[in-house]
Each structure stands twice: as C-alpha cells, then as structure tokens.
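Read off the chains here:
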Amino acid sequence: MMWQQYNEDSIIGARVPEAKSALNSYGNITYSYGDFTAGVRFESYQEALLGYPKHFTGTGIGSRYARYNNDKLDITVGNFYEQFGSGMILRSYWEPTLGIDNALDGMRVLWQPYKGIYLKGIYGHQRYAFDSRLINGPGIVRGFDADVNITELVPAIDTTSRFRLTLGGSFVSKYEAGENIEKGGEVFALPNNVGAVSGRAKIEYDNFQLNGEYVRKINDPNKDNGDIYKVGEAIMLNFGYSKKGLGINLNGKMVDNMAFRSSRTAELFEVPINFLPALTKQHTYNLAATLYPYATVINGESGYSAEIYYTIPKKSILGGKYGTNISLNFAAVNSLDTTQLSGIEGLFYGYQRNSIGFGSTKYVRDFNLDIKKKVSSDLSFGLTYYYFEFNTLATPVTLTYKGLVFADIFVGEVQYKLNAKQTARIELQNLQTEQDKGDWATVVAEYTYSPHWTISLIDQYNYGNTDASARVHYLYGAVAYSKGSNRITVGYGKRREGIFCIGGVCRAVPASNGVEITLSSSF
Amino acid sequence: MKSTKYIFIYVLASLMLLPSCDIIELPDTASLAFREDLYGTPAQPPAISDMIQRVLLEDFTGHQCGNCPEAHIVAAEILDAHPEHIALVAIHAGSLAGVFGPYTSDWTTPEGEFYLFSQIGSDQLPTGRINRVGGANSSSNFAQWQTQVTEQLAEIPQADLAISTELETENNHVNVHIRTKYGVARTGNIKLTLMFAEGPIIAPQLNYDADPELITDYEHKHMLRGTGTGATGLVVASNPTTNQEDVIHYTLPWNPTWDPQNFELIGFLTDGESGEVINVRKIDLVP
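Here the protein sequences come in this chain order: A and B.
The opening residue of the first sequence carries number 39 in this note's numbering; numbering runs sequentially from there.
The opening residue of the second sequence carries number 13 in this note's numbering; numbering runs sequentially from there.
The shape of chain A in the complex, shown without the other chains (with noise of 0.2 Å):
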C-alpha cells in the first residue's frame, strides 16, 4: 500500500489533485490444497497516485486464477503471468511501482512430457485496464513455447560432459478484428492476425557460456510504428566467461519494428506482448538512475555492451585483508542502419534495414567504473564514475533539453558499522553536464538500527541550473520499520520531476511535496 499527500510548491512545480491525497493499495490472497491452488488480489486506487498511468481508478478484484499443478503438468485458468525465451517475443508481468500489469486471461499449460523437455500452450486476453474490475484488451493472443535441455535429454551427456545445451523456440500469434487503413491514399488491409516466432539456443562448455535468440514478426502495422507492414526482427547474443574473481560479459542487440501489442492503437504501458530489455546497466545510485536511464528504443536500434567483474585477491597489496571488486561496463546503442523508402513502398514498408550495425544517430554511451572495498569488518566504501552521452530525442526523460547531454557522474560511498546493532552509510554524488539542467549534487544519509528501524536523509541540488530559481534543494527524509516480513515507511520531503525505471522500462514521475507512507505485509 502506498499513500501519498500533496502539497502545492510552485518552484519545483509540485501541483495538488483534488482530492489532496492519492492511494494505490494491492492485497493478494492465495489458497493452496495439495496440488491445487487458487487466488485473487484486490485492487484500490483512490485515486491513483499522480504520474501513475491512466487507466487505473476504483476498487476491485484485479487478478483471480485457479491452478492445478503436479510434477508434469501445470494448468492455470484465469490471471497468469508467463515469459518465452528472454521475453523479447512474450512475456507477461506485473510491476505495480510502473503501472505495468499485462496479465494474461485465459488458460496455460505448462507441460512435462520427457526429462529435459519442457512445452507451454497460453491462450487468453491480456489486461488493459483497471475501473473497478478487471477490464482486458480486445486482442487475443495466442501461443506456444518449447524449450529442450538436451543435456537433461540424454543421461550420458549429464552425468560425464562438461558441455550443456539448451534449445528452444515460440510462436506467438495476436488476434484483433481490423479493416482497413488509408495512408496517403492507399488503402492497405489490416492483418487481424499477427504472428511472431523466435529461436534459441543456450551452450555452456565449462565457464564458457553463450546463448542467443532471434525474434521475427510478421507485418503489424501499428501505432508505435506509424502503420507500417515491415517484418520485425530482433537479436540477442550474450557471450559470458566466468572464474573465480574474474566474470566477463559481451553482449550485442538488434531490435528493428518490434512494438507487439495485442492492440494496434495502444501505447506507452497498454498490452504489451512482449519485453525488449536494455543493454545498458541498469544503475542505482540515484543520478545516474533517475536523470537519464535508458530504455530500449522499440522502434529500432543497434547496440552493444561489455562488462567485466575483477576481485582483486584478497592479502594482496591491493586486495588487503578482504579483496576489492572492481566492475567495468561500457555500453553503446545507435539507431539502425536504414534507408527510407519512397513512394507506396515508403508507405508501406516505411523503411528498409541495411545491416544489423550502427546507423548514423548515437542514442546512448554509458561507461561506468565502480570500486567497491571493504577495509574492515566495520568499514567498507565505494568510488564510481559514470561517463553519459545520452540522446534525450531517442530517449525522452526530460523536456527541457532535446539532443545529446554529456555527462560525467562521481559516487562516493562510505558504510561505517557503528557496533552490532548500529550502521551508518553516506553517499556523495555529484553530476556534472554542460547541457540540460546542469550540474547536480546529491547527498544520501542512512542510519540502521537492527535489526527494527532505519532513517534516510536524501537531498538532491541542482546547483548548475542556468535558471537561478530552479537551483532547488530536494529534501527528502523518512522513517522505516520493519519486523518481519512487514515494513511500514513515512516519508516527507520533496521530489523532483524525474523518470522512475525497473529493469530497461520507465516512467515519468511528476515533481510532489507532501507525505508518503508506505506499507507492506505478508502472512
């Protein structure tokens, strides 16, 4: 559960609804009987809280579901969530921080034939919206997933070989009613039914792994891409290497028209089928992850990433007692390699790709240093510089500046363990760009005492804006409880206007002063 009350602050541009005060509460209740399991979770948005995507208001029963589930053979009618291979072609979630709840509607089966083979069959609608009840989209989206561990297949293989492998392949297929379109004077019909299919593959040989996945869809003229009937196509390939102290990985991906939505006119959060994640890190300080965090650019780009985890030895000069780790991440997206088409062809097809490579519009470097030591038993710090130049055009996180920002982000951490009940921890962080709001301090106190009770202090600064009135202290400070598997926080302070992410998806949050209480239990 989370309330929020708001007051008006006109210099950070903090506005009130008119009911002074927002909540978004989610209760779920499971009952589960040897093999059989039921649930439902109730829903109240009253009113939603401000920046929450639209379509959620009321209270209800939001999800419900039935399942039936032995060794082989798992059977869900109802509400489920599901995801295919890396989801880039299906998958299903809920992330009620985002707004995000796509839940399927229908039925899944989810089956065991053979040791090492593994089949799913989903068929149902996927949840638009929330008005009290559950309200789904009009698409139909149909599918089937295989996935074939052929060293489990084999026992000879498993029980003596140090290679693995894994194959697996989907099909989705979306259907919703259509006529026609006009564009430009043509009229093109509409495919009611849109398929997609994917491969993958998944080879381990020692510490070596690599695994794959190649996504195509069909013509799915849609809002996303303007209406056009352009194949879709997507590809991942990660390349990973791992000892003891030593991890490396290389990552490459090409996502070219694959918005897949079970409704051709949605956006933004409404029915997606499937999830397209970033290449780039996904940080957590917070000027590096709520300033300029990217998201995949759906309609298409070409990117890349490499990451490499060194542990400095431990009793080594530089190790010290404990070791230190050392994380290196770079990564680089672009748009796609294109040529636009004329003519009915441009209408049509709207563009054609000519390679899988870079196209001549950089959307994100993000290089990133992070140092992490721990000098004591009670003292442990960490340094991270983050190198950004990030195009708010590809990726629209803020309005006030429209190409690329430069920018350079240094973290300084410092967790200090006071004695056995009491830890304090400091962040400084300071961001530094020529371009949009300017420079940026932010300074972050916690105070732990265990194994009850925690406060944080959290000031943003943005003490290099041009506009000398929008050099703003965001003061936020809160309480936090827990005991349990129950915590309760209160918070007061200050939010700035930003862009909240969770895992390459994001959303925009508007400026709020007020008081936030926070809740959540289980039993």
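Hints listed in this document are in silico derivations from the structure and should not be mistaken for laboratory results.
One or more of the hints may lead you astray.
What follows is a list of derived Cβ distance ranges for each label pair [as the list claims (entries may be wrong)]:
hint	chain 1	residue 1	chain 2	residue 2	range
1	B	200	A	553	58 to 64 Å
2	B	255	A	393	51 to 57 Å
3	A	173	B	112	26 to 32 Å
Chain B is faced by these chain A residues, among others (derived, beta-carbon under 7 Å) [unchecked claim]:
hint	residue
4	211
5	227
6	229
7	230
8	233
9	256
10	263
11	267
Each residue gets a CB set at the ideal place from its N, CA and C atoms; glycine is no exception.
Given the structure of chain A, go ahead and fit chain B onto it with the hints provided.
Structure of chain B alone, referenced to chain A:
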C-alpha cells in the same frame, strides 16, 4: 500411450496456432505504368469536345439488408432517367454484407469497406453518396438521391474525362487510356479513381418487400468488384489551369476469373482534399 495422447494434444494446439498469420502483400498500385514493352505505343483516348456534367451514385448495400432493394429501385430509376449521365455503383460493405446462412458469397471489397467504415463512419445500410457532395465523409438516404442528382446534373462542369480500354487476356491486363480536361483552374491535387463494376450477378438477397423475403436469384447490378487505383485514387494533376488537357495511360491487372462482358469501368476525378467528385465517366469494358 498416455504420453502419445499428450503429444497429440500439443501437436494439435500447435497446428491451431500456425495459421495465425495474415501476411499482407504490397498492393500492386505501384506498377500501373503503361507497359509499352508489351503493347507498344498506347492508343489515344477519345477527344473531349463539349464538357458534360455527370454524377457518380454510390449505393451502399448488402445481401442481408432487407431494405436495400428499395434503394436499388430508386437508383435504377435515376439511372433509367439519365442513362448517359449517371454512373451507378453498388458497393457491398458492412456487417449486412457478411457471409451467413444462404448468403454464401462475399461481395465485399477492401475499398468498399474503407468507404463505408473509414470515410462515412457507419455500418448502417442502405446509404449512398451522390458525387460525394459535402466530402467523402458525407452520405445520404436514398429518399434524397433524386433531388441531389438533379442538383448535381445542373452544375457547370469544371472538368471532364474520356476513357478507352483494351483487354489483354493473354497477360491478364487491362490497358486504360484517360483524357482529362479542366474547364476552370483549380488549386490543389486532382485524383483519378478507376472502379470495376460487374452485373448482373445472380445471387441471394434479402428483401422485406418480397414474399418470401429471401430472393435466391436476385439480379445484382453494377456491383463494385475492385479498383485499379486504390480506394482514394491516384494524383493526376496539381493546380490544373483552365483548358489544361492531359492524357494518362495505365496497365491494370485483370482478374482472369471475371467475365469482361459483364463489366463497366467507372473513372472519376475527385478533389484531392475534400474527396468531392468533380466528374465521372463510365464505359463498358468490352465495347
């Protein structure tokens, strides 16, 4: 045995999913250019000496629409009164044109559905358009058609067109030669639409004035079967000047399953912005 049953169920489920793809091909309007490589120098369309105002009457209908035959009668009476000046096309579209029970043939076309749903924005039949007066989104009840036709015929023609054709069955082509002439200067684009209309076609029709109401051998006339230029036509002139005259040649695909003796070709010029019909011409596909 139990596993075989499960496999069968899953294979069946997979087969159910496989047809779930509608692949839409690029419409062939991109290649309408006259095929000189096949047919040599194109023939010249007839000359336009005196410009005459004509009227396009679009009768939206459906075989399950029991009130539509009454509109057919009104349209036929108007055509009989002005056989040379009216181009009549019966456009089967909407839910009442769907295939159901004894109505086993689908007479709808993507263009007709676009006209009814996207332009007029309605699923009610019967309805119609007279020269698309008021714009492509307008429509009128058949009780108003006679009055509107009379008004339109009285207008001074702003442009006219003449058409000739050759059917090339060997290659499944229709060569179309169009001459356009503008009586007054206009601003904006002028579009040309070419419609293929077929009749008679003997097929079931619901008629609330008949007993029994289902007429199994109803004579459908002037039925829209397709367009050669897309629903809203191709731009053939921009800002034409007074007395401007143009000649255009197209090679259109021809459906070999159609009987050309039963076809009319209807060509009409529309205002590129409003969609109103400027003038229309019809000819028998095979003279």
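Checked hints:
1. 200(B) - 553(A): 58 to 64 Å: Holds, since residue 200(B) and residue 553(A) (Cβ atoms, about 60 Å apart) stay within the stated range.
2. 255(B) - 393(A): 51 to 57 Å: holds, 53 Å
3. 173(A) - 112(B): 26 to 32 Å: holds, 30 Å
4. 211: Check passed: Cβ of residue 211(A) comes within 3 Å of chain B, closer than 7 Å.
5. 227: holds, 5 Å
6. 229: holds, 4 Å
7. 230: OK, holds: residue 230(A) within 7 Å of chain B, min 6 Å.
8. 233: holds, 4 Å
9. 256: holds, 5 Å
10. 263: violated, 14 Å
11. 267: For residue 267(A), the interface hint holds, since the closest Cβ of chain B sits about 6 Å away, which is under 7 Å.
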